[in-house]
Each structure stands twice: as C-alpha cells, then as structure tokens.
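Letter by letter, the chains look like this.
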Amino acid sequence: MVDSPSQGNRIKFMSITQSPHTFTAPQTQEAPWARWVLTGLALAFLSLFLLLPLAAVFSEALKKGWEVYLAAITEPDALAAIQLTLTAAAIAIPLNLIFGIAAAWAIAKFEFRGKSILISLIDLPFSVSPVVAGLIYMLIFGLQGWLGPWLREHDISIIFAVPGIVLATIFVTVPFIARELIPLMQAQGTEEEEAAIILGASGWQTLWYITLPNIKWGLLYGTILCNARAMGEFGAVSVVSGHIRGLTNTLSLHVEILYNEYNFVAAFAVASLLALLALVTLALKTFVESRVAQKISR
Amino acid sequence: MSIEIRNLSRQFGSFVALHNINLQVNPGELLALLGPSGSGKTTLLRIIAGLETADSGQVLFNQEDSTTKHVRDRHVGFVFQHYALFRNMTIFENVAFGLRVRPRKERPSAKEITRRVTELLQLVQLDWLADRYPHQLSGGQRQRIALARALAVEPSVLLLDEPFGALDAKVRKELRTWLRKLHDDMHMTSIFVTHDQDEALEVADRVVVMNRGHIEQVGSPNEVYEKPANPFVYEFLGHVNLFHGRVHHGQAWISGLKIDVPEHAAAEDLNAIAYVRPHDIEVSRTINGEPALAAHVVHILSIGPVVRLELVHGDDLTQRTIHATISKERFRELQLIKGEQVFVKPRRLALFPNHDQKQE
Ligand SMILES: Nc1ncnc2c1ncn2[C@@H]1O[C@H](COP(=O)(O)OP(=O)(O)OP(=O)(O)O)[C@@H](O)[C@H]1O
Ligand SMILES: [Mg+2]
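Here the protein sequences line up with chains A and B, keeping their order. full-length UniProt numbering puts the first residue of the first sequence at 1, with every later residue one more than the last. full-length UniProt numbering puts the first residue of the second sequence at 1, with every later residue one more than the last.
There's no promise every hint is true.
[Said to hold, decoys possible] Not everything, but these chain B residues come out facing chain A in the computed CB check (under 7 angstroms):
id: 1; residue: F78
id: 2; residue: A84
id: 3; residue: V153
The set of hints was computed from the structure by calculation and includes no laboratory data. This structure is a prediction, so every number in the text was calculated from the model and none was measured. All C-beta atoms, glycine included, are put in the ideal place defined by N, C-alpha and C.
Required output: the full structure, derived from the provided sequences and hints.
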C-alpha cells in the first residue's frame, strides 16, 4: 500500500502539533551546538519519514509527465472514486456535526445517568481497529448477517454498496467533532446559556447566538479533522466495499487496486490527490490553530 | 412584585442544601441573603429564578404559583456572580440581547433598541465602552454591564448573586451605594446574595441570615444586629466576645461577674453563653464600686475614628482575650499604655441559655 502516512500516524502527528504556541523563544540553557544537533535530528527525522515519502508520491505521479498524470486522475473509474469519496464525506460530516454538537452539549452541560457510557461509546471508533468496525457491519448487514435475509427480501443492499461505505465512514469519524467540543464546552460552563434563557431567549436562539459562536473554532477544527479522516479512511471501507471498480471504490481503495495491478504511475497520481488533501488539511488546521491562539492570548 | 417562598426544600443527593425555607419578600423591597459559604444562598436564588428546581415547596410571584412557569416567563433579571457576559458579543450587543430575542411582535424597532441600550449604558456610566468586548473590561465595568443587561428587559424582580464578590473594597463600596440608588429609582423587588455582613447591613431593607440550608433570622439590619435571634447570628454579624457562664432565676454569672438578666427569670440553673460586642465593653482604670473584670492591655490599634483594644483577662491558665472598642476621646481620657491594668464590664450582653444541656 502506498497511502501517505497511515491513518493512525496521521492522527498522532496532528495531536502532537496541537499546541503550536508552546514553541516560543528558547528558554532552556543548553549550549548552542546541542540545540543545533537536536533541531537537526528532528528535521532529519521529519524529512526521512514525512517529507521524503510525500515528495516521492508527487515525483512518481509525475514521472511520465502531466498528460499521463491528468489522464490517470480523469479516467472514469478515478472520477467515480473521487465522487464516491466526496459523497461519503458529504454525508458523514453533516451527520457527525449534528451528532457531535448534540452529544457534546449533553455531556458538557447536563448531568445524566449513563454519561460515562456515552463518552466511552464516542471513543469506541478510536479504540477499535477500523477493520473490526468493517467486520461488524458485515456481521449485521452482510448476506449471512443478522439483517441479511430481511434486507435481501426488501431489495436493499448495504454491504458492497454505497450505503455500506457511508456507514463505515460515519463510524470511524464519530469521535472527531464530539471529542473536540466536549472539553471546550465543559470549560465554558453553562452560565452564558442560563443568562440568555433568563433574558428570554428560546432554546434555539440560545444555541444559535450563544453556544455555537462560542465553539465555532473548535467546531471548524473538528470538522477539518473529521473530513481528513473521512476521505482517507481505508480499513473499514475496504471490508464493506467489495472493491467494485467505478461503483464502490473510494480514492484510497482505488490506489490500492491500481498499485496491485502494477499501474504505478496511476496509483501515485491518485495517491497524490490524497496527499494534497492532507496538505490542505494541514494548512487549514494551522490557520485555525493560530486563530484560536490569538483568541486565547487577547 | 411580591415573592413568597413556601416550605421549600432542595437536596443534592443526600446533602440537604435547603431545608423547609419560608420567606416573604415585599414589593419594592431590597432584601439581602446573608450567610457563610455553602449555606444555600445561591441555590435559593437560582430556584427563585427558575434555573434550579425545588424538591418540594413553592415559589409564588404576586401570590401566583410559579413552580411550573418557565424561566423565560418569570420576568426576572439575574446578575451572575461571575457576570456571564456573552463573550462573543460587544457590550452593546450584550445589553441589547434581551430585546433582540423577543418574538417579532413584541420586539422594539432597531432604533428603539439603540435608544434603550444607550440609555442603559449611560445609566451605568459606561456608554463609551459600547463597542468593546467583555474581555476588554475591568471587573467593576463588567459587573455594571451585567446589571445593565439584566435591566434591559425591565424585570419586575432583580436577583443578584454576590454582585460585588470579586471586586476590591473601594469599588464594592461605590457600587453598593449605587445599587441602592438604582433599586430605589427602578421600583423593583430585589434580592441580593452576599457573605459580607457590612454590605448586607448597609444596603438592604431586610436581611435574611442563612446557615446550612436554614433561615436563622429575618429582620431589618438593625434588628438582626441588635437583637440576634441565636448564637449563630450573633457570631456571624460583626465581632463579638464570647463568655461562658451560668444563668439562674434572672441572674447570670459570667467569668465571675454577677449580672441581672430579667428576661431569663425562668431559667433554672442552666449553662449559658454570653456575647458582648466590642463597643459594649466598658473600660475604666478603677473599679468604681461596681463589679468588673481585671485585664491587661496587650495591644492598642488607634487607626480611624475608634480605638481598638486587645485585653487579656485571667491568669496564665485561664487566660482569655477580650476585644474592646472605645472612642478616641475616651482613649485620651484614660491615657492607656500597653501592659497597664484596666477593669472591664459589659454594658450590654446577649445571653443564650443552653436548654438542651441541663445541669450536670
Ligand atoms: N449542583 C450541585 N450538586 C451538588 N451539590 C451542590 C450543587 N449545587 C450546590 N450544591 C451544594 O449545596 C450547598 C449550597 O450551595 P450554594 O451554592 O447554594 O451555597 P452558597 O450559600 O451560595 O455558598 P457561597 O457563598 O460559597 O457561594 C453547598 O454545600 C454545595 O456544595
Ligand atoms: Mg453562592
């Protein structure tokens, strides 16, 4: 497989860079040479494991020139893969937005029984391997699964079809937005909302004018992460997809197929799209973080 | 608007935060809820506002039960201890919020809103801050904006939770006089929570002294200060000297002094505690024929209009400190210096016989 750094690594990488403003002027007393060596080591490591593969993806993709590159990403199967990836993300993100806001709101602002269970459930997709998640869907919706016969009777296909891919994508992206919002909303407390209600605001007005503006940057941040994961997901989607070209292939799956067919240039060309997505995500994320940092420091 | 609280109780788990509270707040009154930390003041205030529900009991506004009435429909203004200004809105928008969220039919025009908000900002003398955000304001300024925001919807009841809690002494003093004036101008019924006795006694029409979820006493500032209903109120309001003694048939023996207490004529040889305020301690150089306690001056603090004396009575074993406050003139008359012996006696005392614990 020639995906950019694997999903797990990417998540960890992101959480490490989560507080960019801690990287301020040198406050330690090390000798200059020690600082240079350490910085050099870090840079060498980053180059070797992140920049080099990234550069390799693009150089491989463009090895035979722009025309071949363009052809590889505009052939019908590739376009279908792009479309499917975008569709899955476009369904998963709004659903996760609604669910994430609702869950974070409930967890942060109310006391209720089963709260810790809900938190663990939200974390489940982080702790379960995506492949297992895919297998669970097979078990439920597959032909031999619990709902299989009933689904077939009613002519509904979920596994090896678009709904399965959407479901798998939703499953793996559930934690991103809720996890981002819960600590934020907990820190903000409920007083502003209470003040709004006392002043006569309805529940919706309170949500719209008070709660959402207060969490907007966290929300955007969570959405960016959610989107990156939705588009790059491989494991869970791979299990439920069935790899039907032009029908149930997402970008990641398409890369794998092309690569297995020794069609390296095309594989890298499509992979470069994913890599580009990662770069755009990174840029957006940095921008949002700097906005949040500004907010905090003022 | 009058507020009546009937048999109100509230528990958090097994912890009783409020126990059978009964309270009548008269229209136009400024009432202080005074009590130590954790006594249930905030809980009571939040239940009146409708932010919290009671386990049992009722809150009546103008004799009308409001238990099932939503917060929105209670027309209550609430000022939070930590202001709770909307951080994403300018000061102007904060104050305008209550008007802007009204249903279209009741909402004033944009021009009218601007006029009202400007008026309110002028009232709290902060109209020059209209375009700032809450985090750009000082604590005292935020406090006043929180008040202006609550007043914008013209509430008939104003509830304030430790409105001056986080401010320094000087600003507190200013704001409390200002609050009193505001209350009188606006014709509201106001309740404010505080754990500062000076604040409560100085500003309020009546003071409710709370302790561990109970109401200990309700009365005018003068009443609760001069005639505390029980030892707790006595100790909580102002400095006191505490003496242990006995009482029998209208006579008390306190630290060896015999004092007439006609109001306890029925007492039959009971243990008792007596409280004497520092300014009710008479200090003299000679005995003057009347019984008095001998004491030594250990500390003299003569800052301000009065002189505070720290006296020690008794020998090394039974030593106890007595605080006395005397006027500057009296101090000059006596010409006291550290280490001298004086005689003290209580001019007035409050005696609480211990009925539960009969003679051992
Ligand atoms: N949501 C809650 N859950 C559990 N216990 C609570 C809750 N709210 C209040 N309490 C408890 O009820 C008691 C009364 O609390 P309350 O906030 O009314 O005190 P207070 O008189 O306002 O004190 P302070 O002067 O410190 O603000 C406290 O012991 C507090 O721990
Ligand atoms: Mg409180």
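How the hints compare with the structure:
1. F78: holds, 5 angstroms
2. A84: Hint holds; A84(B) Cβ to chain A Cβ min 4 angstroms, cut 7 angstroms.
3. V153: holds, 6 angstroms
Comparing the model with each numbered hint stated earlier shows that all of them hold.
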